[in-house]
Amino acid sequence: NAGVTQTPKFQVLKTGQSMTLQCAQDMNHEYMSWYRQDPGMGLRLIHYSVGAGITDQGEVPNGYNVSRSTTEDFPLRLLSAAPSQTSVYFCASRQQGFEADTQYFGPGTRLTVL
Amino acid sequence: ILNVEQSPQSLHVQEGDSTNFTCSFPSSNFYALHWYRWETAKSPEALFVMTLNGDEKKKGRISATLNTKEGYSYLYIKGSQPEDSATYLCACSGYSTLTFGKGTMLLVSP
Numbered sequence: 003n004a005g006v007t008q009t010p011k012f013q014v015l016k017t018g019q020s021m022t023l024q025c026a027q028d029m030n031h032e033y034m035s036w037y038r039q040d041p042g043m044g045l046r047l048i049h050y051s052v053g054a055g056i057t058d059q060g061e062v063p064n065g066y067n068v069s070r071s072t073t074e075d076f077p078l079r080l081l082s083a084a085p086s087q088t089s090v091y092f093c094a095s096r097q098q099g100f101e102a103d104t105q106y107f108g109p110g111t112r113l114t115v116l
Numbered sequence: 002i003l004n005v006e007q008s009p010q011s012l013h014v015q016e017g018d019s020t021n022f023t024c025s026f027p028s029s030n031f032y033a034l035h036w037y038r039w040e041t042a043k044s045p046e047a048l049f050v051m052t053l054n055g056d057e058k059k060k061g062r063i064s065a066t067l068n069t070k071e072g073y074s075y076l077y078i079k080g081s082q083p084e085d086s087a088t089y090l091c092a093c094s095g096y097s098t099l100t101f102g103k104g105t106m107l108l109v110s111p
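Chains H and X, in that order, are what the protein sequence lines are.
The numbering of the first sequence is this note's numbering, which starts it at 3 and goes up by one.
The numbering of the second sequence is this note's numbering, which starts it at 2 and goes up by one.
Heads up, a few of these hints could be off.
[To be verified] Below, a sample of chain X positions facing chain H; criterion: calculated Cβ distance under 10 Å:
#1 7
#2 32
#3 37
#4 101
Worth flagging that the hints you see were computed from the coordinates, not collected in a lab.
Note that beta-carbon positions come from the ideal geometry of N, C-alpha and C, so glycine has one too.
I would like the entire structure built from these sequences, with the hints used as guidance.
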């Protein structure tokens with residue numbers, strides 16, 4: 003199993019550009035989520051999905067869109083990049099939305115918006 | 002959004018020292034408490050998931066305890082080694098979401 007994979011690993015955007023961060027998992031996990039990590043802020047939840055076709059907002063959803071058309075994939079779209087979106091983005095998955103399930107993280111995407 | 006606090010923010014110990022960190026969380030509507038180890042330039046790696054009051058888990062030199070009635074968990078590292086240097090995160094499960102604390106950064110000097 004590859005686990006949770008993310009592409010790209012690094013990306014530089016100009017303000018106003020759009021892009022999609024890809025996330026895939028091969029563990030047949032129902033629950034997937036996106037976090038951003040900023041210095042001094044810890045990991046903050048952007049969006050999550052409890053299954054294909056179902057998504058919901060986390061703590062910091064503004065400026066981001068998600069969709070979940072398959073169990074395996076959970077892309078994160080930046081609609082119009084802003085410097086405040088410079089961050090490291092982590093995708094994560096777990097078996098279901100059960101609270102005691104272990105959550106597995108991808109390797110992260112480091113995004114810089116100029 | 003749950004309020005999850007970790008202390009201390011950072012810790013610098015010598016090789017061989019034993020150390021511990023604290024994670025505080027709301028005791029009402031508790032579901033589960035997760036501990037992660039996060040090395041620089043890597044992704045967080047799960048250490049423990051605990052659900053029951055009084056739970057104690059152990060993995061090598063690392064152990065954790067849980068008190069759901071008062072809303073805290075301790076992570077202990079016995080005989081710290083330089084390879085233990087990392088940020089240790091705790092996270093509290095809410096309904097369908099996981100809320101993370103800001104972490105305790107541990108540096109172990111040889």
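Hint by hint, here is what the structure shows:
1. 7: 9 Å, holds
2. 32: Result: holds, 3 Å to nearest chain H Cβ.
3. 37: 8 Å, holds
4. 101: 4 Å, holds
This entry satisfies every hint, going by the numbered hints stated previously.
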